[in-house]
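Using the hints, position chains L, Z and G against chain W.
4 protein chains.
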Amino acid sequence: MKKLNVGMIGGGFMGKAHSLAYAGMPMFFWPAPAIPHRHTVVDVTEELAKDAAARLGFDNYSTDWREVINNPEIDIIDIVTPNNTHAEIAIAAAKAGKHIICEKPLALGAEQAKEMLEAVKASGVKHAVAFNYRRTPAVALAKKYIEEGRIGKILSFRGTYLQDWSADPNSPLSWRFQKKIAGSGALGDIGTHVVDFARYLVGEITDVNAMTKTWISERPVQTGGIDKLGTVKNGGEDVVKASVDVDDEVITMVKFENGAMGTIEATRNAWGRNNFLTFEIHGEKGSLAFNYERRDELQVCFADDPSDAKGFRTVYTGPATPYGEGLWPIPALGIGYGETKIIETYDLFKAITEDTEFSPNFEDGYVIEKIADAILESAEKGQWVNLEKATVDVK
Amino acid sequence: MKKLNVGMIGGGFMGKAHSLAYAGMPMFFWPAPAIPHRHTVVDVTEELAKDAAARLGFDNYSTDWREVINNPEIDIIDIVTPNNTHAEIAIAAAKAGKHIICEKPLALGAEQAKEMLEAVKASGVKHAVAFNYRRTPAVALAKKYIEEGRIGKILSFRGTYLQDWSADPNSPLSWRFQKKIAGSGALGDIGTHVVDFARYLVGEITDVNAMTKTWISERPVQTGGIDKLGTVKNGGEDVVKASVDVDDEVITMVKFENGAMGTIEATRNAWGRNNFLTFEIHGEKGSLAFNYERRDELQVCFADDPSDAKGFRTVYTGPATPYGEGLWPIPALGIGYGETKIIETYDLFKAITEDTEFSPNFEDGYVIEKIADAILESAEKGQWVNLEKATVDVK
Amino acid sequence: MKKLNVGMIGGGFMGKAHSLAYAGMPMFFWPAPAIPHRHTVVDVTEELAKDAAARLGFDNYSTDWREVINNPEIDIIDIVTPNNTHAEIAIAAAKAGKHIICEKPLALGAEQAKEMLEAVKASGVKHAVAFNYRRTPAVALAKKYIEEGRIGKILSFRGTYLQDWSADPNSPLSWRFQKKIAGSGALGDIGTHVVDFARYLVGEITDVNAMTKTWISERPVQTGGIDKLGTVKNGGEDVVKASVDVDDEVITMVKFENGAMGTIEATRNAWGRNNFLTFEIHGEKGSLAFNYERRDELQVCFADDPSDAKGFRTVYTGPATPYGEGLWPIPALGIGYGETKIIETYDLFKAITEDTEFSPNFEDGYVIEKIADAILESAEKGQWVNLEKATVDVK
Amino acid sequence: MKKLNVGMIGGGFMGKAHSLAYAGMPMFFWPAPAIPHRHTVVDVTEELAKDAAARLGFDNYSTDWREVINNPEIDIIDIVTPNNTHAEIAIAAAKAGKHIICEKPLALGAEQAKEMLEAVKASGVKHAVAFNYRRTPAVALAKKYIEEGRIGKILSFRGTYLQDWSADPNSPLSWRFQKKIAGSGALGDIGTHVVDFARYLVGEITDVNAMTKTWISERPVQTGGIDKLGTVKNGGEDVVKASVDVDDEVITMVKFENGAMGTIEATRNAWGRNNFLTFEIHGEKGSLAFNYERRDELQVCFADDPSDAKGFRTVYTGPATPYGEGLWPIPALGIGYGETKIIETYDLFKAITEDTEFSPNFEDGYVIEKIADAILESAEKGQWVNLEKATVDVK
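Protein chains in written order, with UniProt numbering: chain W, 1 to 395; chain L, 1 to 395; chain Z, 1 to 395; chain G, 1 to 395.
For reference, chain W alone in the conformation it holds in the complex:
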């Protein structure tokens, strides 16, 4: 069976998730499109890179991502580094003719994303952005219902992504709170997942009207090097603080090309919400509701159910729903974060071996950057911003 060699740039939280997916994908989807081989992992120091290779099951390690990109044995470059490094790596990888999967958000803004898209278009490689949540089987099931017309024309979409890991003012100022590295705050970090849901399930967004807030204006400087997502507190008397220059919370109204309307909200300051990535969609013939915190379930209500037995059904995904052929043999054995990445890897490897387009790809990543830029512009100006059809102006 064909094997594809992966060079992974970065060995943190996302590196772990992707590595599990490379190892597990063929166990779930068999015959696999190709076997992922963990060839080389890159981290910033020799020590970290060596450790990552041992931990994540890579055969080799390196501290020089350019070397890896140019290694002829490598088929796929997997970019799981902070946002500000995505563009440089991806463009170089494209030039080197490697297929690319890049963590989200794609770039620090639309301009940068456009360059990345141009690069992959020019080289003809496959390109993917890791908005993995849309691969939750329950979200794929929602897509199936919508495509089959089972909830009718969509009227409205409400999406949220609420977390609380930065609600504590003593949680450290990681790179996620610094504009030059992260691009934006809650918007780019988590809000873009909701934008991806909106585009995937409803359609193209044409206009946005937003508000943003930075609730905690300065945070303790992080002393350790690793992104701890706020779980390590750096408070105390003599802590050094620095400014936060990204949004803690964003709320936006959106209009869709097909006439639907909606709201998108994201915050990392919502006490008690952990990974509360939700949507509710109302259609002319039914409704859908999803909450990633209970990700095995999709709620669906069909308008034409008998009036004495109408109501939201709690459908547990499993063998009878999308990706069911590969996943666990009984619903609610349980989809975890790992499984969403396994599915993503499966679809990526299928796209590569079958030479089809992966979705979401850099085009989607670019459009999402345009939308994110428009959201920030709208919040600043206090008015609607039109996206001039937020699609791709790159051939």
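Please keep in mind that the hints were generated in silico from the structure rather than gathered at the bench. Be aware that a few hints might be false.
The list makes no distinction among identical chains, and a pair is therefore deemed to hold if it is satisfied within one copy or across any two copies.
Simulated pairs of lysine-lysine, DSS-like, Cα-Cα distance not exceeding 25 Å [as the list claims (entries may be wrong)]:
hint	residue 1	residue 2
1	350	2
2	285	241
3	241	153
4	381	255
Chains L, Z and G only, in chain W's frame:
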């Protein structure tokens, strides 16, 4: 024990709810501030009025509301008629020196509401608007937490009111779909309850930015006289249809005087949502979540809970929470719609006998009308509308 | 319209619930079978009785229940006194030719219940036992599904009634903890509601096999006279304690005549459970689940739903479900404890005016006592007890 | 870093789960106790075995499990075959001095389990039974609360395991319905997981009193070789059926050594329940509730919470709860079935490298077999069966 005579104008769904409250209030809150006496009920025909009196337990009936208003035996006028009649009746009742409770929304717009407020201010009577949902014990408990500082400074508010009784295009064109009678659609009918929650729990609203949609532009003309809320379908080959000129759905962003921000959404076209009146509030020290469909429960998360036992608590209201002294002796015996009205009646009678202000009163009703007007204006103009401090310009 | 005069014996928590139902029933169900007239209420002292009349809206009061029973104006005797007084009052009322509604459990045991049944059979009056929970619309909907064969032959039933008001060892020793007054503990007080559900929904019980426990063997003697259900604590240094001689918790396995099997559990020592009266029923063609704490909802799963949209539906009761013609016009406006009693009153008045049998009546109450006795016998002996077909041996 | 070579006997559903765990464990728990190396996988034919090796990432494959057991390179034998083969393989592996992890239930009955236990005791190897559900972080958190006394002395336990994959009479007669292969039905297959919860969380079981039912007495003979858990239907006109000789459903009452009491229920015929593995535990100071279908969450109620903020907390497991150091950095990123197996592997490898006892081991597996045997005996005899202290009589 003191008795207060009620003259109730209207004998429909709301008349039933209020009548149950008059009968039941002293059973729950004892000693009662005063005993409500169902003196006279008014309906449009002799037959309807007579029937209403028998059904709702009134001693007398009438078809002439002016006569009832001027009856010196009557202490309180209860207005449970369609929205377009509120102003005339209330102003007359105020002039006649009667205390007034008026169903929501108070008026067809801010201008009319202002006149009503001026009238009650001039006469010195007690005035109440029946936003009863804030009297759900779980909502009162949320208010208590907030006032006691238990969730800290409020950052954001998200409120929705979703129903589905008009999602079917064949549900009849009742008065609720006609601007001249209802003033607005989902906004006035149900959205104003969310506005009431927002002001009650968070504070004054200063700016709004909205979208509205009329999803179903015409509906079958209703043949019967009674408001059936869409449960009677009038479809068929030869049905006569007429235009809907109010909103089916409204989405608005809001800014609060205290710096909080939020969204308010209301629709009657959300399949599967019945009386989905919800809020979620994030504060610096905790979060609250409420859904009227499960109205015995308030969800609260406290930031300072131990890290291995932190999460939303599902608190069932009962003897230990607001109004618990009067309600059922065990939590979850069950709060229904009736109980919310019983509490409202209790607070109204207390305000009258103790000569204090009832809240929400016509001032609140007026401010809510200003906000509703601003929401419609914002939706039309596609921009933020400032409320010039949405408080009362009536002395 | 016909009027039926009620004499109510007892003015406590249950008296309040019944009084609200008498006042409210015609407001919901119109034309009413007959108008309930609150004629006379009885309590133990003149002061209490007078107060009850004012509070509950009765025209008259008395301290002598025999006098009321023999008052020719009275049509219905409503018994809402502690369990040990039911038999004497009911038998006297039957002899006086009055229709009777008696709170549950019917008696202190099967023997006493049999005498009560014989009395009402002899006199030909209507007789009802107030297992009101089966009148929750969602429970009536479950019955409808079962009768229409929509979940097929029933395989198993699991019912629980969990509360926590007596989990605190300092909650007072009310009459509910004294065998001579209450008959039994959690079993009679709340477990019998589950037995009523089991018989109502599944069928006759033939065998039981039980365990009981008294977790808290002594409690503070109650100083006030009123049953406070544990919400008033009597703890402290010098508190006088006395023995509890009833069960705090009961678990029983049951076999049904139709081959189904199940469990019934009841406890008042389950921290965090308030009025957690639940059932889950599995049939050959579907399943049902209900939790009174969320009583507007019935969960139902149909086996023949499409495999990609199968799951429990959350059906909110309303206009399209049983009793919907009388209740609130939108689902989830809200069923409270009051509404269950209003429906019970409606069905009782219909039985009286239409001369049909009310269910559950004294036959059911007697059978439930037999089952309760068998449960206690089983727990004591540690073995299955057969009920020799737990039906009625009274002609 | 130390490496341990695994020989896995069996390549089906469970083989997949274990293989994912071997690959993923070091990614989560680092430094790992030792690196699992997938050395050899065994299946019944050369074709299946070769396929399994490629799919599951093993270096070698074999059709001869004895050969693998005797391979000196192998450190650990992993038994993921049907129940009737466990004993022979495990005893041979013990004699060969290999550490053993065996899928549950350990054996076809207590007698066989005893022999297995004797074998591992004699050889001194580490031994584990794969009751993986107790490694769900939320279950481990429940254990932590209990051990820290946070819910006080335990009064009662209610556990269920409900599935619906065999509710359809046309689901095939896999080995799971044949006594000679499976030992028992729902009891051994899933009920034993609940028994494991009961012993893990509450303590030793001393007495059982049970009922069992075989609802569907014959099923279509399975034509394919692979266990499809009922998802492939074999119905049709000319289907060949054969008898089911195991239980479809089991209900048992249990008594614990420490005075607690409870119920355990298991069925694979509960429409709409997928992997509904639940427990509810009431203690003197609090309560716990868990449902594996929502496995990221543990419900806990503390009796000493303030009376106006008391209720079940929904705690999402994550960095602050057991195993949080290794799992995902934010709660609700999501625990799936894979993660439970990764944790199990971690604890097994730790036990091996640190020379401590793994729990649950063959002693536990043996005790659970004794309990299962007692449950079947009780159901047959219709009476309580005492377990003579269900602990281990093997030195």
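To see whether the hints hold, each was checked on the structure:
no.: 1; hint: 350 to 2; in the structure: within (12 Å within a copy, 35 Å between copies)
no.: 2; hint: 285 to 241; in the structure: between (53 Å within a copy, 21 Å between copies)
no.: 3; hint: 241 to 153; in the structure: between (50 Å within a copy, 22 Å between copies)
no.: 4; hint: 381 to 255; in the structure: both (18 Å within a copy, 15 Å between copies)
Checked against the numbered hints given earlier, this structure breaks none of them.
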